[in-house]
Each structure stands twice: as C-alpha cells, then as structure tokens.
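Trainee: In the order they appear, the protein sequences are chains A and B.
Count along the first sequence from 1, then add 31; that gives the number in the working numbering.
Count along the second sequence from 1, then add 1; that gives the number in the working numbering.
One thing to keep in mind: the hints can contain errors.
Calculated cross-link-like contacts (lysine to aspartate or glutamate; reagent style DMTMM-like; alpha-carbon spacing at most 20 Å) [stated by the list, open to error]:
| id | chain 1 | residue 1 | chain 2 | residue 2 |
| --- | --- | --- | --- | --- |
| 1 | B | 142 | B | 250 |
| 2 | B | 174 | B | 188 |
| 3 | B | 87 | A | 42 |
| 4 | A | 74 | B | 250 |
What the hints contain is simulated information worked out from the structure, not anything from laboratory work.
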Amino acid sequence: MADEHNAEWYENTFKRMIYWVGGVLIAGTAITYAIDKWGVAEKFGLLTAVIFGLTVATIKAATVIVIFMHLKWDWKFKTISLTLISTVLFFIGMMWLTVGSEVKTYESNDGKPGRIDNTWKHGEHAIGINKPAEIEPPKE
Amino acid sequence: MEIPYNSTARPDTGLYNGKVGIWLFLASEVMLFGALFSAYVLLRVGAEPGNWSMGLMSKEVGAFNTLILIASSATIVLAWVSLKLKDWNGYRKWKIATVVFASMFLIVKWGYEWPAKFTHYDVTFVDDKAAETVFAEVLNKDSYNDECQKHHKEIWSARYNIDGKDWGSVDTKDKPLDGYIVGYYTENENGEREHHKVGQAFGIYFWSHAFAWRHDKRNDGRTTGAKRDTFREKGVVAVEIEPAHGTWDKHTDKHALVTDRRYAKAGDGQASDAGGHGHAITIETSQISRVSSYEPAHSTFFAVYYTLTGLHALHVFGGILVMLYHLMPISRRMYESDPDRFTNRIEITGLFWHFVDLVWIFLFPILYLF
C-alpha cells in the first residue's frame, strides 16, 4: 500500500470495511437474483433487465476494486494508471476525428452483425468522387 | 546482489516489484476476458430468434456459486490482514477457509453443474406434425390444441425467448423438448424391438449412462465426414425420454418422479417408469431431427458458456494451487525469514483472486440471469 497504516487501523478500520464490502456484495447478488425471479425482463423488457443487472454488477465490482484490491489507498499507482488510460482514450478520440467522420451509418441497420455490409470504404462518403468503376456482369 | 524494491515500495510508484508484475498480468487478463465478453455480446445480439438458450441455466446454482466466491474474496483479504497484524494462525485459518470456498466453487461447477448438463437433453423434430404429436402427449392433451399451445409457449418462452416475441417466427419442430434419456429401443435381426434401460452412473442421481449422447438427422446416409452419432452407433430406433421435472409436468395431471427415481437403477431390472409415477414417452428416431445434451455443441450459448466458465474455473484451480503452496511448511519458513516479503506475496495472490471474483461478478448476470 502506498499509504502506510498501523496495526490498529487494520484491526479496527479495515476489518470493518471488509465486512461491509462483503455485505454489499451479498446484498447485490441477492437483489439481482430476486429482481430476476420477480420477472423484471418480462415486465420491463430485456434491455432494462440487462442494464439493471450490469449496473449492480458494476457497483459490486467497484467495491471489490476499491476496498479489497485497496486501490483506494494506492493513490500513486492510481494516478499513473489513469494517466496511461487517458492517453489511450485521447488516441481513440483523435482517431475517431479522422476515421469516424468517414464511417457510413445505415438507418436500416437492424443492429445484427453480418446482416448488412457496412464495411468502411475509402472515399465512399464523397459521392461521385473516387467512385470505383462499376463492372457489368458478363452476359450469358 | 540484492534486488531493490523486493519487499519495500518504490518511492515514485508506491509499488514493490511483485505488485507491478501482478497488475501487468491482470491487465493482460482483462484483455483476454474482454475479448471473450465482446464475443459474447456480438454472438448474443446476432443470435437467430429462439436460439439463445440461457433460460436453461439454473439460477440458484449460479447464485450459490457467486456467494461462495464472494465469501472467498473476503476471507483472502482477512488472511492478508492477519499477516499485517503478525498473526500466523489467523492467516492460516482464513487461508484454509479461502481454499475451502474455492474448492466448493469447483465442486459445484465441475462435479454437479457441468455433468448435470451433459445428461440433460434437447430433442427437436423432423416436422411440425411429429413435434405436435409429441408435445400433446407430453402435456397430456388430446391434441396440440390452443390450451396445449398456450402451455408450450409459456415453457418455451421462459427458456428460449424471455419476452415471447419470437414464438411465431420459430417452427414447432425447432422448439425443443427437454428431458432425460431413460431408455431406448433397438431392432434385432428378426425385426423385433428390444428395450434397453439407461440407469444412473455411479449411483449419482444427476449422472446418467446417457452421457453426452448425440444424434443428428443430417448424419443419415453420410459415409464420410459424419460427426459422432450415438444413435447410429447403438442402432437406436426409438428413445425413451422423461421430460424435465418442474417444467413440463406443471401442466399435466401426471405426477413427476422424485428426482432420485429419475433413472432406473443400473441392472436392477426396474423400468424407469415403474409404478406409474413416471412420465417417460417414447419417440421414434425417425421423428427426431436432433438430440443433443447441453454440451458445447448444443448451441452458440453453451459454446460461449463453457468457454467463459471453463477459463474462469481454470483460474480458480490455479489460484487454489498457489494458495495451497502458501500453506505449506516452505512458506512458513519464508514468512519467518522475511515476513514483509511473504506478506506481499499474499497480497499479490489476493489481487489475482479478487480479479477472478470480478470476472464471476459479471459472468453471473450475463450467463444465468438476463
């Protein structure tokens, strides 16, 4: 740990945190299970159920990462990691400025992969410019 | 030569060497599981109607395993805290508890959940007429009438299509009947039928001698390139199926067998439906297009399920081996010679274990619930 703690802190504070986090994890599991049994997907749709389930899972995961994996106190490591992640996000953002503007979106895309060929082709956005020559099928 | 920052943290990063290593390893693990989770999302979104069979999972078993893993995650931190407090006995106690929880997880997964799936079958049919005849019999109705369809829709939707929207777009023949193989028929040289019972394996109620059997109509007539086909190997002309309890019997007047009577006891000569309790039905092989247990080849969902849970279970297994090593006398000697370094090792093991827990936290809702 970056922040050093004494024995008393481990005995009194940290142990209590562990039990709290354990309680949150058990409660999260119980709530997700109960809501599923209650039939959230049938009543409010599958998407709502998925969003709910993954939100609870994310909260559970966050408590594990922050307390059990003690990132709360590893502030130097946290800073370094966030900086590295930020550079990746910045890179993706900059790439999106160039590539993203050329990706053609289809209104008719029903969201199922493989149904529609939406492969990006260079120059396709500029209608009439750099358009590949159309090849006529051979006559029988 | 002494390696720097083996036990103490580097001032600039706040991390000792081992901790840098484990975080780099966990980053690679995130990429590995991230790729599989992405594959899951794409396969699920692209699944044809009625083909995402996650309704077949036992939610109770999934929830139980989640609680076990949560408990192990808490005990492993407590083990590390004990070492911070210079309490070896406390460490041993919590570490053993962690190993016990982890082992329970694997016993449930590999000893119950998976084998139970390999003896649970889905049957689909060659045409709608054959399917309707079978479903009418299973639901104890005179014909595949409106009432029968209503019950069938209820059962099918809960398992294959939670909002019931796809009912009309899937043929009746492709809506599976699920259950257990309790017997089968073959024909001898004189054309007479011989009945064969399928009993329990090893006296375990959820293990049947019909373990991962397969039959696919598409194999008929194939001489080369055919997949393994148990029906063809055994010459099965008809199969006795007992529809899954708690599912199909809810809408019938017939009573289900208690689970431990599901299979005839091997070699005792008792028919599986002896005493009139059973609800086994006989289906001709000619009516069946496919028989598959809930093995990876069953469907895309189960292929993904076994890949994800299998990889996760391997991580659990690896974690158990490391934790057992940390309970051996050699580890005690290391603790006595360099307590800080040993405490760091336990912290690192804990970080790995929490990651394993994290993966399961997401696997539980996406594979079992929603």
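Trainee: All hints, please: hold or fail.
Mentor: Each hint, compared with the structure:
1. B:142 with B:250: Roughly 12 Å between the alpha carbons, so the hint for residue 142 of chain B and residue 250 of chain B holds.
2. B:174 with B:188: Violated: residue 174 of chain B and residue 188 of chain B sit about 26 Å apart, past 20 Å.
3. B:87 with A:42: Answer holds: residue 87 of chain B to residue 42 of chain A is near 11 Å, not above 20 Å.
4. A:74 with B:250: violated (25 Å)
Against the hints set out earlier in the document, violations occur for numbers 2, 4.
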